[in-house]
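Participant: The primary structure of each chain is shown beneath.
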Amino acid sequence: MSAAPPRRSYSGYGRFTPLWFLAPAVLALLVIGIYPTLFALVTSLRQYNLTRSRDGFPFIGLANYQQVLSDPTFWETLGRTAKFFLCVMPAEIGLGLGIALLLHQPGLGALRALARVSLVIPLATTYAVVGLLGRLIFNRDFGIANGFIGLFGVPAFDWLGNSAGAFAAICIMDVWQWTPFCALIFLSGLSMVPVEIEEAARLETGSKAALLRNVQLPYLLPGFTAMLILRSADVLKLFDVVFTMTRGGPGAATELISVYIQRVGFRVFDLGTASAQALLLLVITIILARVYIRFFYREIE
Amino acid sequence: MPRFGRLLHGAGLLLVFAVTIFPFYWMVSSSFKTQTDLLASPPVWLFTPTLANYAEVFADQKVVGAIVNSLIVAVFSTLLAVVLGTPAAFALARYDFRGKSDLWFWFISNRFISPIVLALPIYLVAQNIGLLDTHLILILVYITFILPIVVWICTDQFRSIPRDLEEAARLEGASQFDIFWRIYLPLGVPGIAVSAIFGFIFSWNELLYALVLTRRAVQTAPVVATSFMSGYELPWGKIMATGTVIVLPVTIFALLVSRHMVRGLTMGATK
Numbered sequence: 000m001s002a003a004p005p006r007r008s009y010s011g012y013g014r015f016t017p018l019w020f021l022a023p024a025v026l027a028l029l030v031i032g033i034y035p036t037l038f039a040l041v042t043s044l045r046q047y048n049l050t051r052s053r054d055g056f057p058f059i060g061l062a063n064y065q066q067v068l069s070d071p072t073f074w075e076t077l078g079r080t081a082k083f084f085l086c087v088m089p090a091e092i093g094l095g096l097g098i099a100l101l102l103h104q105p106g107l108g109a110l111r112a113l114a115r116v117s118l119v120i121p122l123a124t125t126y127a128v129v130g131l132l133g134r135l136i137f138n139r140d141f142g143i144a145n146g147f148i149g150l151f152g153v154p155a156f157d158w159l160g161n162s163a164g165a166f167a168a169i170c171i172m173d174v175w176q177w178t179p180f181c182a183l184i185f186l187s188g189l190s191m192v193p194v195e196i197e198e199a200a201r202l203e204t205g206s207k208a209a210l211l212r213n214v215q216l217p218y219l220l221p222g223f224t225a226m227l228i229l230r231s232a233d234v235l236k237l238f239d240v241v242f243t244m245t246r247g248g249p250g251a252a253t254e255l256i257s258v259y260i261q262r263v264g265f266r267v268f269d270l271g272t273a274s275a276q277a278l279l280l281l282v283i284t285i286i287l288a289r290v291y292i293r294f295f296y297r298e299i300e
Numbered sequence: 000m001p002r003f004g005r006l007l008h009g010a011g012l013l014l015v016f017a018v019t020i021f022p023f024y025w026m027v028s029s030s031f032k033t034q035t036d037l038l039a040s041p042p043v044w045l046f047t048p049t050l051a052n053y054a055e056v057f058a059d060q061k062v063v064g065a066i067v068n069s070l071i072v073a074v075f076s077t078l079l080a081v082v083l084g085t086p087a088a089f090a091l092a093r094y095d096f097r098g099k100s101d102l103w104f105w106f107i108s109n110r111f112i113s114p115i116v117l118a119l120p121i122y123l124v125a126q127n128i129g130l131l132d133t134h135l136i137l138i139l140v141y142i143t144f145i146l147p148i149v150v151w152i153c154t155d156q157f158r159s160i161p162r163d164l165e166e167a168a169r170l171e172g173a174s175q176f177d178i179f180w181r182i183y184l185p186l187g188v189p190g191i192a193v194s195a196i197f198g199f200i201f202s203w204n205e206l207l208y209a210l211v212l213t214r215r216a217v218q219t220a221p222v223v224a225t226s227f228m229s230g231y232e233l234p235w236g237k238i239m240a241t242g243t244v245i246v247l248p249v250t251i252f253a254l255l256v257s258r259h260m261v262r263g264l265t266m267g268a269t270k
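From first to last, the protein sequence lines are chains A and B. For the first sequence, the positions run 0 to 300 when numbering that gives the first Met the number 0 is used. For the second sequence, the positions run 0 to 270 when numbering that gives the first Met the number 0 is used.
Please keep in mind that the hints were generated in silico from the structure rather than gathered at the bench. Hints are supplied without guarantee of correctness; some may be wrong.
Stated by the list, open to error - With a cut-off of at most 30 angstroms between alpha-carbon atoms, the simulated DSS-like pairs for lysine-lysine come out as follows:
#, chain 1, residue 1, chain 2, residue 2
1, B, K99, A, K236
2, A, K82, A, K236
3, B, K99, A, K207
Whole structure, please, built from the sequences with the hints as guidance.
Facilitator: Next up, the structure:
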């Protein structure tokens, strides 16, 4: 990984040349990313509550971490975040695979192109606006969600007013927004299957299931792992949609980890505790990132 | 293909299209409804469109100001990320040096960091140095997620540029900087453009940092859209018109880079 640079006869650059090109970006990320993180580390060791600033901000050792780790709400929100992931991920994978297979099927070129292009729209839609839209769609009195279930004779339902409904509503919006992500990844996997092999297999077997299992599956697996890791990182980050749609409520029914830390930090103003929580989240995230990078960027050198 | 299968395929594709586009359609159509039509139960599909909501949005200084703020922040953070990121990408694509892959990992791993992790300390630091509620702080913070994308996409692009060009230039006495400036930058324009579009989309859509680091002066569009959600009777028409105004430019940008969408979102894990 960090072997001495192999000297090439044609290299034409000095030892420090790369440094000059890299320095601006590295310095910027160090100052904007690392310095505040160290600041947070210091803050997490202090009692740092802005609403009680008259007490000062004394160092209290690891007390914030002890408090966070023994705080049932912190574990509950982490658990709820995991539950959210387990609810949306299978749906996004299943629907995404179905859509990718539909789009990969030959024929109907124009319609396929139209459907494929439309997939980009949810991915680019401002998350905060998705949340606002969710509030309109799932409104108890005039939301289209109730209009839709009304077609089947189901009585109107106060989606955002009760725990299960609100949780379902944020899941549905997430599935709408991120299924296209899975679909596009699967689709690019499917398009990697060499044409001759796929043609031969199609002649050989009429069964689409056999084609999928024996020919296409190996090409889908790398993308599948990428999806799992990236989506889990995204769910740990998920804030905008939930914040605009439910503010974590009703009660704490939709309070995912990022929403909870934001509340502790910026609505309760207990920055010491919130910093400790954020750093614990950072540790989880770094582990995820390392796993991801181990899997996908090994080929770089 | 048998006709039935073809029919089923077509129906499936139409369903995908309809469901994908529906919330977007619902937002746009709601933005043309009067409050009475919006509050109708069951919801109405056919109505006489009105432009009143848009008139209200564009007359609202807060919304117009927020869109200007969002534009300033998105354009300058993207520009800054490109200025900082392209030389780094050049170094990663062309030089061998100690610790190169570690550096690369570090750049990429910024993609994973939750904004809340940085938002807290940056809030404290910004408060201490008086940068709260300025464009500058948002521009600087947004670099943390735009720079990794620029570095990733541009490194990939620069690698695909043939080395012969560089050899020829060196024989004529070009310096390393000349090679970067005269060969790699111009030839890398497609990759730079794609990464800049992604940078713009991500910073335009960002909510958490903007919510935490700004007060009155520099509220961005997503923050203002969110702020309408208080009070008893919500101005749904205006909210949906604001949403449409916010989403439209990024939708157009996203359609421009639709071929690269997966690469941009996964940082190249899948080609």
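Participant: Give a verdict on every hint.
Facilitator: Comparing the hints with the structure gives:
1. B:K99 <-> A:K236: Answer holds: B:K99 to A:K236 is near 28 angstroms, not above 30 angstroms.
2. A:K82 <-> A:K236: Holds, at roughly 15 angstroms.
3. B:K99 <-> A:K207: It is violated: about 45 angstroms lies between the C-alpha atoms, which goes past 30 angstroms.
In this structure, the one hint that does not hold is number 3.
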